[in-house]
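The task is simple: from the sequences and hints, build the whole structure.
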Amino acid sequence: FNVFILPYVMQLRFPTEANLKPQTLLSNFFTQHGIDFTNTEETFRRYEKDYRDLYLWDDPMHFSVEGQRILFEIAEREMKPDLSRD
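Sequence positions in the sequence shown follow this note's numbering and run -9 to 76.
No wet-lab data here; the hints were simulated from the structure.
Any given hint could be a false lead.
Claimed, not checked - With a Cα cut of at most 20 Å, we get these calculated SDA-like pairs of lysine to any residue:
{"#": "1", "residue 1": "LYS39", "residue 2": "PRO5"}
{"#": "2", "residue 1": "LYS70", "residue 2": "THR33"}
{"#": "3", "residue 1": "LYS39", "residue 2": "LEU61"}
{"#": "4", "residue 1": "LYS11", "residue 2": "ARG36"}
{"#": "5", "residue 1": "LYS39", "residue 2": "GLY57"}
{"#": "6", "residue 1": "LYS70", "residue 2": "ASN(-8)"}
{"#": "7", "residue 1": "LYS11", "residue 2": "PHE27"}
To be verified - Ranges between beta-carbon positions, derived for each pair:
{"#": "8", "residue 1": "ASP48", "residue 2": "ASN18", "range": "31 to 39 Å"}
{"#": "9", "residue 1": "GLN22", "residue 2": "ASP49", "range": "30 to 38 Å"}
{"#": "10", "residue 1": "ASP48", "residue 2": "ASN(-8)", "range": "29 to 37 Å"}
{"#": "11", "residue 1": "ARG59", "residue 2": "GLN22", "range": "26 to 34 Å"}
Since we're looking at a predicted model, the values are computed, not measured.
Note that beta-carbon positions come from the ideal geometry of N, C-alpha and C, so glycine has one too.
If you want it as structure tokens, here you go:
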């Protein structure tokens, strides 16, 4: 079980402390309660093209095909078993 914290458009457009407060609050909560989580904001922020290409047109929260591709890559990386832990 791993919770993924996903960014919305304004968090990528203006990554201010105030805009990123939801990530901070959730990260603190999950850490305090021993819940595995992945904050994906930084990965999405490093996207080299226009951040608006990551979302559906005129929709600040739902990912486009490109955004879904990046999310899939994050999930695949996070869920891949670490075979060196035996």
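Q. Within a Cα-Cα threshold of 20 Å, do LYS70 and THR33 meet the stated pairing?
A. Status holds; Cα separation ~17 Å.
Q: For ARG59 and GLN22, compare the CB-CB distance with the range 26 to 34 Å and indicate the outcome.
A: holds, 32 Å
Q. If you draw a straight line from the CA of LYS39 to the CA of GLY57, is it 20 Å or shorter?
A. Distance of about 11 Å is within 20 Å: holds.
Q: Just tell me: holds or violated, for the beta carbon distance of ASP48 and ASN(-8) against 29 to 37 Å?
A: holds, 30 Å
Q: For the pair supplied as a hint, LYS39 and PRO5, confirm whether the alpha-carbon distance does not exceed 20 Å.
A: holds, 16 Å
Q: Go ahead and decide if the range 30 to 38 Å is satisfied by the Cβ distance of GLN22 to ASP49.
A: Holds - the Cβ-Cβ distance for GLN22 and ASP49, about 32 Å, lies within 30 to 38 Å.
Q.
Given the hinted pair LYS11 and PHE27, is their Cα-Cα distance within 20 Å?
A. Since the Cα atoms of LYS11 and PHE27 sit roughly 16 Å apart, the hinted pair holds (cutoff 20 Å).
Q) Is it true that the CA of LYS11 sits at most 20 Å from the CA of ARG36? A) Given that 20 Å is the threshold and the Cα spacing comes to 19 Å, the pair holds.
Q.
With the threshold set at 20 Å, check whether the alpha-carbon distance from LYS39 to LEU61 stays at or below it.
A. With Cα atoms ~16 Å apart, LYS39 and LEU61 stay inside 20 Å; holds.
Q. Taking 20 Å as the top limit, are the C-alpha atoms of LYS70 and ASN(-8) close enough?
A. holds, 12 Å
**Q.** Status of the given 31 to 39 Å range, CB of ASN18 versus CB of ASP48
**A.** Given a distance of about 32 Å, which is inside 31 to 39 Å, the answer is holds.
Of the hints listed earlier, there is not a single one the structure fails to meet.
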